[in-house]
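Once you have looked at the hints, place chain Y on chain G.
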Amino acid sequence: MKTILQILSGLRPEFDFSSSRDFIDDGYLDSFDIVALISELEETFHILIDGMDVLPENFCSVEAIAATVRKNGGTLD
Amino acid sequence: MKTVFRGKRITGLLSVLPAASVAFEDEVGNYTFPAKQTLRLQKVMGFKRHSIVKETTAASDLAAAGLACLFEKGWLRREEIGALVVSCSYTDHFIPPVSSILHGKFDLPEDVLCADISQGCGGFLMALTESFLLLDHLEPGKKTVAIATDVLSKRVSRQDRNSWPLIGDAAGIAVVENDPEADGIPTVIYNNGGLGQALMIPAGGSRMPSTPETARSEDRDGDGNLRALDNLTMQGADVFNFMQTKVPPLIEETLAYAGLTKEQIDWYLFHQPNRFMLRKLAEKLGVPYEKMPMNVVEELGNSSGACIPVCAVHNLAEELRAPEERTCCLAAFGSGLMWGAMIVKLGGMRFCEMLTSDL
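Chains as they are written, first to last, in the working numbering: chain G, 1 to 77; chain Y, 1 to 359.
Bound-form chain G, shown alone (with noise of 0.2 Å):
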């Protein structure tokens, strides 16, 4: 959850996102910004992310990221 919690300040600094329940809904993260956290995510946790997986619903929040990272085969501290 931290390493998630790190990409996304990364992504978004001006962002607190410890403090949003729905980053799409918060207007934190734009499609754009998915795509940059899919590489990002791609890259730390060594997976592949399954296009299929690329939805607004799968990144919207640390819980949401967390499963589908999971769901692509990454393991989390």
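Some clues are possibly wrong.
Claimed, not checked - Computed Cβ-Cβ distance ranges for the label pairs, DEER-style:
hint, chain 1, residue 1, chain 2, residue 2, range
1, G, 52, Y, 288, 39 to 49 Å
2, Y, 256, G, 1, 37 to 47 Å
3, G, 44, Y, 237, 54 to 64 Å
4, Y, 179, G, 76, 54 to 64 Å
5, G, 52, Y, 39, 52 to 62 Å
6, G, 52, Y, 317, 33 to 43 Å
7, Y, 19, G, 71, 32 to 42 Å
8, Y, 74, G, 71, 55 to 65 Å
9, Y, 249, G, 27, 55 to 65 Å
10, G, 76, Y, 42, 21 to 31 Å
Claimed, not checked - Each computed BS3-like pair below joins lysine-lysine, with the alpha-carbon atoms no more than 25 Å apart:
hint, chain 1, residue 1, chain 2, residue 2
11, Y, 2, Y, 262
12, Y, 36, G, 2
13, G, 71, Y, 345
14, Y, 2, Y, 345
15, G, 71, Y, 246
16, Y, 73, Y, 43
Keep in mind the hints are simulated off the structure, nothing from the lab. Cβ coordinates follow ideal geometry from the N, Cα and C atoms, glycine included.
Relative to chain G, chain Y alone:
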């Protein structure tokens, strides 16, 4: 549509790019987003440069530059042409058609059939399909010229970060001939018009003529991108999901129809939306990245219907001029929405060239 075209061969490919090429870094200031955030896209999406026409250049100009080259080099003679099929979404005028403009410009014989197709990303595939069909009805020895040309940069807002960095202008020209010895060309094409609004230019046609109101740029989706109703609008997430859902089964179906395995395909020459989408598609299909060129957007831009010939010429010109034939899977997907694939042997071409036009 699902069919096999028999006795047809693509004997030459020429792509035409505008001379002007703009760097992504030089346009970062166009957008309302922080520069650092925009620059991150460079790596992920593969945005480096894109080739853009001048304000005065129309779609027929790129195609005309290509045809003039073919005539000058002797790769095609006027009297050999039986039909001119042009796919274009942003035409010179509503009337006359681009094919007729080209016919007039080169003083082609009066019995040459001219046909325009209003298509975007699927343009080259549709122009080929029409060309194959027409070849069955032309005099022996006559050839069809299939052209996909577009200057969609003129209809994309420069302040729309979803679309402007990836757009490019180009023309792709294929000479298509009858050849009884040629292998069959299995082709599968689907459409879902109900999804058409995912890629759309809302104003400028008879439904919503252009007015000062439709030309006003504003943040219409609340996402920070500024565009007018006269501009191309793309629902990126919808288009991505459509592609990931529809294209892999289409390729599986086309391969099965052709009786081929994925490994037997030498090259996957796909429409070029952006590197991220193509990587995800290759992963989904289990195809090595090396077999699916995905460098067109980063170096030249997405030229809509012209992408497939541009991709082929940009990456494989020498190989396609060599005598050995390569088994290629062409696939297009986009506005309509349409998605289609074709398996065709390419090689031994009389010409396979890239031309730059300063028109």
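Which numbered hints are broken by the structure, listed smallest first? 1, 3, 5, 7, 9, 13 and 16
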